[in-house]
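Novice: Heads up: the sequence lines are chains A and B, in that order.
Taking UniProt numbering, the leading residue of the first sequence gets 1, the next gets one more, and so forth.
Taking UniProt numbering, the leading residue of the second sequence gets 1, the next gets one more, and so forth.
Possibly wrong hints are sitting among the right ones.
[Stated by the list, open to error] Here are some, though not all, of the chain A residues that point toward chain B, as calculated from beta-carbon distances under 10 Å:
hint : residue
1    : Ile31
2    : Arg88
3    : Ala235
4    : Leu256
5    : Gln260
6    : Gln277
7    : Ile281
[As the list claims (entries may be wrong)] List time: in silico DSS-like cross-link candidates among lysine-lysine, alpha-carbon distance up to 25 Å:
hint : chain 1 : residue 1 : chain 2 : residue 2
8    : A       : Lys262    : B       : Lys242
9    : B       : Lys243    : A       : Lys262
10   : A       : Lys242    : B       : Lys273
11   : A       : Lys243    : B       : Lys45
12   : A       : Lys250    : B       : Lys250
13   : A       : Lys273    : B       : Lys243
Calculated from the structure, these hints are not laboratory results.
Every residue, glycine too, gets a C-beta built ideally from N, C-alpha and C.
Protein chains: 2
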Amino acid sequence: MKKNINSLSIFGLGLIGGSFALSIKHQFPEITIYGVDQNSDHTQKALELKLVDEIKLADSLEVKQSDLVILAIPVNAIHNMLPALLTRISNNTVIIDTGSTKGTICHQVRNHPKRAQFVAAHPIAGTEYSGPEAAFPKLFAGKNNIICEFELSHRAAQDCAQWLFNLVGMTNVYMDAENHDKHLAYVSHLSHISSFMLGLTVLNIEKDEESIFNLAGSGFESTVRLARSSPEMWAPIFLQNKKYLNNALKEYISQLTHFQTKLEAGNDEELSKLMHQANKISKVLD
Amino acid sequence: MKKNINSLSIFGLGLIGGSFALSIKHQFPEITIYGVDQNSDHTQKALELKLVDEIKLADSLEVKQSDLVILAIPVNAIHNMLPALLTRISNNTVIIDTGSTKGTICHQVRNHPKRAQFVAAHPIAGTEYSGPEAAFPKLFAGKNNIICEFELSHRAAQDCAQWLFNLVGMTNVYMDAENHDKHLAYVSHLSHISSFMLGLTVLNIEKDEESIFNLAGSGFESTVRLARSSPEMWAPIFLQNKKYLNNALKEYISQLTHFQTKLEAGNDEELSKLMHQANKISKVLD
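One chain only, chain A, in its complex shape:
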């Protein structure tokens, strides 16, 4: 498979795009990697860190004729760029996106004449850090990658996606875009809101007493870790997944409110019961 990939373009030189670049470079140094990013700090840093060989504009000939284009930009930018980009690429170019939502993106290009050249993916990998400096080649190793509507991609595009995710060490899981968005609302997007708002609540109360954070243990750090995440990346994800995430968030608030009323009532038994139910998460995490 590899022999067909001589050049590839990566849109977005942050944690995800940069980590793909490093992983590919390590294994196939002969592939030319073009980088596209509207943030000049990112392009400069990506060159310094040797993530990419050259920086290109989004509509350059090199990008349009790349064998593979990886989109690792915020999901609103994927939504805005994908149809025109599909139109402009050569007939042999494959585009793979890495967005954390799939419904809006898949829906938008479902009837595009070049839909078959696109693979809708979501590698389940990331850290709370962002930017080119956060990239590392093993980010994806041993993790799952979700591919949606794989049957709408033609054989060469399917092969290309399998080559890419295999080389970075991921296992592919296939599902439709609606199910992806519904499940990810619960097992990823909700966690981020829970963490962002926990961070905000505590900062609002403890704003004049930074020293108090010295008293926080590893438990606090673990639950607010995701509050470091990039708003530019997450606001578009939350909005594109509004339908499912709004339900998830309402259910979370409802559980918290139930717990709060039982706490206020001093209902020891009910608090214990709720926590014992929550303990079952161990079974699915291990």
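Given chain A, put chain B in place with the hints provided.
Specialist: For chain B alone, kept in the frame of chain A given last:
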């Protein structure tokens, strides 16, 4: 200091009590450690793991005449036992508790004739695991220990506490019991509820689809880690800290509800603003 400690009794042979036992044994193998625990699985396991030298009943002569008694039992059990235990101990015995709440416990013994033999402490250390097998000698190393109302302990008790927390590698921080409970509500207890209820919300929705948890990334795992915690330990903490925790929980629910209404309204700018504010948590975590 060490020369005055020939024997000590540990009530509660779980993560905290067991880790104190291991850390002391490693450094002072000549000190006799008695273990007290009403759970016979715990006492048996504690002997097997050589956490303690002998198992004793709570009102045994050896316990009453120990140089030091460490209480590492749930905070409701500390509350129930402390006054009578103080009454029974010898005049040279020091009792140090390790409970995660301090207001109720300190209030209860404030006027006890032997109050000066007691030191109210809260070592900020723990994991989501519990029981004797979870204990390890380095649990406390490099962490903070909060001591409340230190001025009510007599000099020998103060020295004993400083010896103990120094030997396990902790730094002491001093505050009054009310302030302890107020701050810990935000930087520890609220995190646990946030995590317990996140676990419960996701389990309720995804109950028939365990395979979906394969799609969860490290972010989800980080935010629900504390949902593994022991309800027997945490229900009494939440109830003893009801006043401050109830406020904290209401504020958290209010922040989440605000976020939810902005999400529902598709208010990109406001969502980003809230997340940027939450990002400031990085400054206090690093």
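Novice: Evaluate each hint against the coordinates.
Specialist: To see whether the hints hold, each was checked on the structure:
The restraint placing A/Ile31 at the interface with chain B is violated, with a minimum CB-CB distance near 27 Å, outside the 10 Å limit. Annotation: A/Arg88 was flagged as interfacial toward chain B, and the flag is violated, the nearest CB pair being 28 Å apart, outside 10 Å. Checking A/Ala235 against chain B: minimum C-beta separation of about 5 Å stays under 10 Å; hint holds. Given hint, A/Leu256 at the interface with chain B, holds; its Cβ is 5 Å from that chain's nearest Cβ, closer than 10 Å.
Against a cut-off of 10 Å between C-beta atoms, the interface hint on A/Gln260 holds, since the closest Cβ of chain B lies about 5 Å away. Given the 10 Å rule on beta carbons, the hint for A/Gln277 holds: about 6 Å separates it from the nearest Cβ of chain B. Hint status for A/Ile281 relative to chain B: holds, with the closest Cβ pair at about 4 Å, below 10 Å. Straight-line distance between C-alpha atoms of A/Lys262 and B/Lys242 comes to about 10 Å, which keeps the hinted pair within the 25 Å bound.
Between B/Lys243 and A/Lys262 the alpha-carbon distance is near 13 Å, which keeps this suggested pair within the 25 Å criterion. Between the alpha carbons of A/Lys242 and B/Lys273 the distance comes to roughly 18 Å, so the proposed pair stays at or under 25 Å and holds. At most 25 Å may separate the alpha-carbon atoms for a hinted pair to count; A/Lys243 and B/Lys45 exceed this at roughly 50 Å. In summary, the hint linking A/Lys250 to B/Lys250 is supported, as the alpha carbons are separated by about 15 Å, within the 25 Å threshold.
Between A/Lys273 and B/Lys243 the CA atoms are separated by roughly 21 Å; this keeps the pair inside 25 Å, and the hint holds.
Hints 1, 2, 11 from the earlier list are contradicted by this structure; the remaining hints agree with it.
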